Each structure stands twice: as structure tokens, then as C-alpha cells.
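There are 2 protein chains.
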Amino acid sequence: MKCTILSVGTELLFGSILNTNTAYLSQQMVQIGIDVMYHMTVGDNPQRLKEMIQHAYKDCDLIIATGGLGPTQDDLTKETIADVFGERVVPFPDQLAILQAHFKKYNRVMSDNNLKQANFPEHASILPNPNGTAPGFMLEKEEKLIISMPGPPNEMIPMFEQHVRPLLEQRSDGVLYYKTLRVMELGESMLETQVMDLIEAQTDPTLATYASNYESTLRIASKRKTRAEAEQAVEQMVALVRERIGPYIYSEEDESISSIVFRYLNEHRLTLSSAESCTGGSFAKAVTDRPGASAVFDRSIVTYSNRAKVEELGVSEETLSAHGAVSAEVAEEMARGIYEVSGSDIGISITGIAGPDGGSEEKPVGLVYIGLCIRGRVQSFRYQLRNSNRQSIRGNAVVHMFRVLYRELVIDK
Amino acid sequence: MKCTILSVGTELLFGSILNTNTAYLSQQMVQIGIDVMYHMTVGDNPQRLKEMIQHAYKDCDLIIATGGLGPTQDDLTKETIADVFGERVVPFPDQLAILQAHFKKYNRVMSDNNLKQANFPEHASILPNPNGTAPGFMLEKEEKLIISMPGPPNEMIPMFEQHVRPLLEQRSDGVLYYKTLRVMELGESMLETQVMDLIEAQTDPTLATYASNYESTLRIASKRKTRAEAEQAVEQMVALVRERIGPYIYSEEDESISSIVFRYLNEHRLTLSSAESCTGGSFAKAVTDRPGASAVFDRSIVTYSNRAKVEELGVSEETLSAHGAVSAEVAEEMARGIYEVSGSDIGISITGIAGPDGGSEEKPVGLVYIGLCIRGRVQSFRYQLRNSNRQSIRGNAVVHMFRVLYRELVIDK
Chain A
2 MKCTILSVGT ELLFGSILNT NTAYLSQQMV QIGIDVMYHM TVGDNPQRLK
52 EMIQHAYKDC DLIIATGGLG PTQDDLTKET IADVFGERVV PFPDQLAILQ
102 AHFKKYNRVM SDNNLKQANF PEHASILPNP NGTAPGFMLE KEEKLIISMP
152 GPPNEMIPMF EQHVRPLLEQ RSDGVLYYKT LRVMELGESM LETQVMDLIE
202 AQTDPTLATY ASNYESTLRI ASKRKTRAEA EQAVEQMVAL VRERIGPYIY
252 SEEDESISSI VFRYLNEHRL TLSSAESCTG GSFAKAVTDR PGASAVFDRS
302 IVTYSNRAKV EELGVSEETL SAHGAVSAEV AEEMARGIYE VSGSDIGISI
352 TGIAGPDGGS EEKPVGLVYI GLCIRGRVQS FRYQLRNSNR QSIRGNAVVH
402 MFRVLYRELV IDK
Chain B
2 MKCTILSVGT ELLFGSILNT NTAYLSQQMV QIGIDVMYHM TVGDNPQRLK
52 EMIQHAYKDC DLIIATGGLG PTQDDLTKET IADVFGERVV PFPDQLAILQ
102 AHFKKYNRVM SDNNLKQANF PEHASILPNP NGTAPGFMLE KEEKLIISMP
152 GPPNEMIPMF EQHVRPLLEQ RSDGVLYYKT LRVMELGESM LETQVMDLIE
202 AQTDPTLATY ASNYESTLRI ASKRKTRAEA EQAVEQMVAL VRERIGPYIY
252 SEEDESISSI VFRYLNEHRL TLSSAESCTG GSFAKAVTDR PGASAVFDRS
302 IVTYSNRAKV EELGVSEETL SAHGAVSAEV AEEMARGIYE VSGSDIGISI
352 TGIAGPDGGS EEKPVGLVYI GLCIRGRVQS FRYQLRNSNR QSIRGNAVVH
402 MFRVLYRELV IDK
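Protein sequence lines, in the order shown, are assigned to chains A and B.
My numbering applies: residue 2 is where the first sequence begins, and numbers increase by one.
My numbering applies: residue 2 is where the second sequence begins, and numbers increase by one.
Quick caveat, the hints were computed from the structure, so don't treat them as lab data.
All figures in this text were calculated on a predicted structure; none of them were measured in a lab.
Be aware that a few hints might be false.
Said to hold, decoys possible - Straight-line C-alpha distance at most 20 Å; calculated EDC-like pairs for lysine to aspartate or glutamate: (1) B:LYS180 to A:GLU12; (2) B:LYS51 to B:GLU80; (3) B:LYS3 to A:ASP60; (4) A:LYS3 to B:GLU363; (5) B:LYS3 to A:ASP205; (6) A:LYS51 to B:ASP60; (7) A:LYS106 to B:GLU186; (8) A:LYS59 to B:GLU52; (9) B:LYS224 to A:GLU12; (10) A:LYS59 to B:ASP60; (11) A:LYS105 to B:GLU363; (12) A:LYS51 to B:ASP358; (13) B:LYS51 to A:ASP60; (14) B:LYS59 to A:GLU144; (15) A:LYS3 to B:GLU186; (16) B:LYS51 to A:GLU52; (17) A:LYS106 to B:GLU363; (18) A:LYS224 to A:ASP205; (19) A:LYS105 to B:ASP36; (20) A:LYS106 to B:ASP358; (21) A:LYS105 to B:GLU362.
To be verified - If we take Cβ atoms under 10 Å as the criterion, some of the chain A residues that face chain B in the derived model are: (22) ILE18; (23) GLN29; (24) TYR179.
Built from N, CA and C at the ideal position, the CB exists for glycine as well.
Please construct the entire structure, taking both the sequences and the accompanying hints into account.
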């Protein structure tokens, strides 16, 4: 199957939104085993949208479209697709009922525009949208398939995962099996060097390295007649890779390091609290992004000022003036402080220089100290992060906090 | 002038690289006043690339292409462009000399593939590349212009800024001026209803509504002969829009509400601390994402457990058991608590149900209470957020905290 990823929306053409949907969907197609021929983006213009769809169908039998399903005048994707497929756009009573119930539930007044969201090409199959008011749909005619989903990623991604991927997996010619290895403390280019000969020799299984969220991953995929064949081919390659970089692999199941730590804390009924300076609450946010965090996470104290470090965590004025706020000593006192204040089993702390200002030759931007107090035993760890801006230094610092927990708790039992 | 942004590279179709060039170039085109009709991405396939170029020239007189200029076998952009324009590809002696000097300087051996990088369509004008070995070029024939640049952003962006933008600014037929209005407490579809007649009647200035980061924006743009004319047209339309939705507009300069609040605190030398429950540090993170936050932000206490609320903020056990953790009373005690503990001028708090679990009929998922203590005076605000998942409830809750600060501080002076 050959596919075009089609994005609809004038705001994309203005460059005011980064098109992350296209990258996400392309990765998914690779995994399913569908070839992506084109990415195309058009504004909310029916004529140009129509021409793009027709052009895509010259080479492709599948179009995955996102955007233009909203309630406003310029959302014309449905009408244009119906036009290309020679369909009428008609109200779908079930969808109208769902939409009315939604507006009633939240006591919101339904505008005439909103009614449009219950209209679809007459032979469309609906793709439910639990995260928004615009359902998606699929439509097929003469071996041409189109799947049309809303543009916001928090609506599109769940819709794709629940309804679209299973359908495409069924239709893909062959069975794709893959494993994603998560790799710690080995940059993407070092990782690639280690397995370069395998990458260069690849036909099936394929190997690809990615960098995401300050970590490296290695994806090994095989597409065969049966799942058993594909699985065997992948596992053989995983064994080869394990020989090369075994100690760096922390998950063969594509599980994030924060998830592994969280699961460990839950299973061992351990509680955690944190004291943050340079990350300014990012660690607490990352922990509590996860539903059920309250079972393991008690509190975080974001001590952005020195005064707050003293008052909230009992860091001593002497330590602060002798070593500075960004020091192993302060990180350790912060960790002990949050451990004692919270009564949690584990206290973790961080202090560092996120930049862009505040660095010096001795303590450059990117320097962080992580303190850890497990049942009264205190340690600290120093890292010089090489990320290029404040946001990525803070993000990478949070990943390093999870790595410290992983190494000192999960591995070092 | 009408333009297509064309990206060449199979790696983009795999989704392993996010296409940031396209967003960058689109923003640049908006600024210069060139209309972007399409974004297109093709792999390293001459036939499909050729068809894409031909399709683009149906509607456009300008193509800005990136990628496919490298030394490897599959870099075929130059050959394909030459083919479309009916040109031969020939060695450019000056470029060959530059290339040879480069390899000599770094003591690198030049492969036959590298020689390719000195070949160009015979009537091409070279765009120098001080940051890499692949120069770009432009080629024009029969009122069709193509500009071809290398793919890596650190090579493409300087090339664009130094050589391409000045050229395009000269050729742009008119000057674009626009304003982006930020709108509070008015959803995208309600916003559009308010200005529907203006949107429907639009030719120039144009109006478009967007939703981003839980807020709505309205962009008003005009392209005229002179900047003064465009500015006047936009300002007239802004005045009309102001009549309709004036009280909802909080910025006419595309400034975010957090930035306005931050600026206000800085200008008035006020300090802020926060106490967070359901947002779990997200508010503190949002404040400290900004460099220089330490001037206004003292601390945040993330009291995820009830015990932490009592111990850190002095919330009373009685209030917790009488009203529950998610209540106006607890929000107010949290706000007073963080105000007193921190000694900041302003204490803000939040408690709520981020879900997916933990909701009830009386207190459904999405219910949040925001407490505010300004110099000892305590208030609270109740919101039923309608976002559909934990992440967006938390994100929207943070925006509501900034809105409370905006209304109670910036407006209500």
C-alpha cells in the first residue's frame, strides 16, 4: 500500500504551527509497513485541496488527511473529499445526537456552525473522537481509501491508535513486527557507530536510530508473511545488537525511564518527594503527568530563591555562601531536607544553571547537581549538560533525575 | 508572488526528522508578503520530484526547495530541476576551486561524489554556503523562479537570510502588515460567530481565527503597495473587531497572558509564590520557563498529598475533612499558606481534579479552584474545565491561573 500524508489548514502554510502530525503519521506508516510517497499541505481552499487529492491518487491508494474538520466556515475538508469521491454530504443522525448531548452536558449553546460537525459524505464510516467534537471518517471507492482525522494532535493521535492503526495493520501486505530498544547514555551518533555495519547491511530486519526526549532509541523491524517469521527475524537482530551495546539498553519494550521508575516505586510501595531549583517544577510535573501519581508522590518544593532553600529545606546559609547554590553540598542538603520535611522514603533534589545567563567559567550553563537521599543515605551526582538552550537543559536535567533514580533504585537493589 | 515550499528527502517521509525548514520558510514568506500555496515533501525520486515541481508551477511562480543537494547518489535535486527547466548540468569552475580548497584545508580526500557538488544547471546563479560544502542556487525561466538550498537548517537559514530574503523582498509585489489579537474566555467558534460577517466579507484585510495553548487568536493581515496603507487597513479592521469583542482582547501585540503577567510583576517589583495540587508543578514550570524568573518568583510548593497541604501550607485538617481537598475553602487556605510561608507579595494556589479518575457527580473531572492572596486579601475562583484529558486539563488550569493574575492584578489595579 502506498500513502500520502495530507495536512489541511492555512495556519500551517503561515508557519505558525509546526506540523508534528505529519512526522507522527509517517513514523506510524513505517511501522505498519505502508510506503509514504508524499507529504502535502494545503490551505483551506477547496479547489487546491481537490487537486492535491487527485494528484496523490496518481501514485497512492491511501490518503491520510488531518485538519479542516472543525466547525468554522473555512473547514471544508469533508465537502471537498465528498466532491472527489462523487458523494453527497448528509447529516448523520447518530453523530448529531452525540454532538447535542455533548453541548447539553457542558451547558453550552450550539451554534449553526457546530451542526456541520454531524455532516459526512453519505458512505463514510465514522471514526469516533472522544477528545473533541469533530469525529473523523473513512471513505473508500474503487480501491482508493481516504482517512480524515481532526488536526489537533491530542484528538488525532488517540483516534489513530484506537481506530485507524488496527485497520491499516489488517490491510498491510505482510505482518510487521518490531521492537524499540531504549538506550541510555549513548548519543544517537555513537549508537549509530556501534551498529553501523548492521544498518548498512540491512534489508529485513531494518534498523533505525532515533533521538527523542533526550534519549536514543533503536528500532528493529521486520515485515514477513507471518508474525512468527517476523518476530524471529527481529529477535535474532536484537541478540546481535545486545552483544554490542547491551549495558546501555534499559528497555526492550519501548518503556520510558520515568515509567520504569514509577512502576518500581509503585511495586515496592515507596514514596518520593522532590526539591527543585533550576528545573522549577518540571520534575514534579513529569511525575504527576501520570495518573495515579499520588500513590507514590507526596510533594515537591520548588525553591527558586536561596531564602526558600533555607526556609523550606533547612539548607544552611554557611553552605550556600561557602559553595554557592549550584554545588554538590547544596544538592545534598536539599535532598536531605526534602526527605526529612516530607517523611517520604526517597528525596531527590536538583540545583543547576539553566541559562541563558548566570554561567561562569567555573560553573558554566548546563552544570547541574542532583542530590539523592534514600532512607537517610545521601549522595550527589554532577553533570555537565551539553544542550543548547534553557528549555532543553531543563528537560534533559529531568531525564537525568530519573536516570539517577533508575540506577540507584531499580538496578542497584 | 505565489510560492510552494518543497522539501526533498526520503528521511522526511520516514518521519524520523521533524520538518522545521518548512515552518521557518513559511513564516519568512508571510513576513515578506509572498503567499504560500503548498508545502510538499518528496523522497529522493527524480520522477516524483519532477511531477511535484510541475504541479507546483500550475499555481505558483516561485518554488523554494530544500534538501537533496548533498554528495551522495540519491541527491538528485539539481539534475531534476535542470530537467524541468530544460537545462544541462555542467561543472562550475569557481565552485570546483572552492570545493577543492575546502577539502585541502581539512585534509580530507575528495571522492568522485563530492565533485558533483560543483555541478549546476548551466544558467543557475550560485548561492554561497559558508556553513557546508553544498552551495544553493537559483534558476529562472519564463517567469518561473526556483531557489534550491541545502537541507540542514544550520546551512539553509544563513543562506536564506543573507542571499534569498533580500532578493525576494525586492520582488514582492506589496507589503504585508498584520496584527495578532489574543482573546480570552471566548472559544474559537464563538469568536468566529462574533466576527463572521467580517470574515465572510473579507478580501483585504483578511481575518483568520486560531486556537493555540487553550486560547484563541485572531489574525488580521493586509497586503498593500506601502506599509502605511497596509497598516491603516489593518488598524481600521482592528477597530471594528474591538467594537465587537473588545473586553475579550487582552493583547493586540500577540503577547501571551503569562508574558503580560510576568512583565507586570517585574515592572511593579512584585514577588510571587505558588501552591499547586492538581497541576503538580506545571505552573511553576511555566513561570520558570522564562529566563529571569528569579526576579519575581520565589517558590512553589507542590502539595500532592493532603498531609503535605497541612504540613507545608497550614491547611487545617477540619477544612480538608469538611469540604474535601478540592474546594474553595482549601484553595483559599493554600493561597494564604503560601503567601505567609514565602513572604511573597502574591500567593496563588490551585486544587482540582485532573482525572482521568477521581471525579464524582458533585465534583467532576475538570473542576478546579484557584486561590489568590494579594497582600493578605484572599479570594477564590471556581472553574469547570471542559478539556478532555488529564494533560489538557492541567495545561488549561495553568492558563486559568495566569488569567486570574491578569484580571486581579493587571486590569484591576
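Check whether the Cα positions of LYS105 of chain A and GLU363 of chain B lie no farther apart than 20 Å. Satisfied, since the Cα-Cα distance of roughly 17 Å is no more than 20 Å.
Just to be careful, I want the Cα atoms of LYS106 of chain A and GLU363 of chain B compared with a cutoff of 20 Å; is the pair within it? Roughly 14 Å between the alpha carbons, so the hint for LYS106 of chain A and GLU363 of chain B holds.
Agreement of LYS51 of chain B and GLU52 of chain A with the hint, judged by alpha carbon distance not exceeding 20 Å: Judged against 20 Å, a Cα distance of about 17 Å means the pair holds.
Pairwise hint evaluation, ASP60 of chain A against LYS51 of chain B, where the allowed Cα distance is 20 Å at most: 13 Å, holds
Given the hint that LYS59 of chain B pairs with GLU144 of chain A, does the C-alpha gap stay at or below 20 Å? Violated. LYS59 of chain B to GLU144 of chain A sits at ~28 Å, over the 20 Å cutoff.
Agreement of LYS3 of chain B and ASP60 of chain A with the hint, judged by alpha carbon distance not exceeding 20 Å: 26 Å, violated
Holds or violated: are the alpha carbons of LYS3 of chain A and GLU186 of chain B at most 20 Å from each other? 44 Å, violated
Go through the hint on GLN29 of chain A and say holds or violated, using the shortest Cβ distance to chain B against 10 Å. 8 Å, holds
Are the Cα positions of LYS105 of chain A and ASP36 of chain B separated by 20 Å at most? 41 Å, violated
Has the given pair, LYS224 of chain A with ASP205 of chain A, been kept, meaning a C-alpha gap of at most 20 Å? 7 Å, holds
Holds or violated: LYS106 of chain A with ASP358 of chain B, Cα cutoff 20 Å? Within the cut-off at roughly 18 Å; holds.
Does LYS3 of chain B pair with ASP205 of chain A here, judged by a C-alpha cut-off of 20 Å? 43 Å, violated
The earlier numbered hints that this structure contradicts are 3, 4, 5, 12, 14, 15, 19 and 24.
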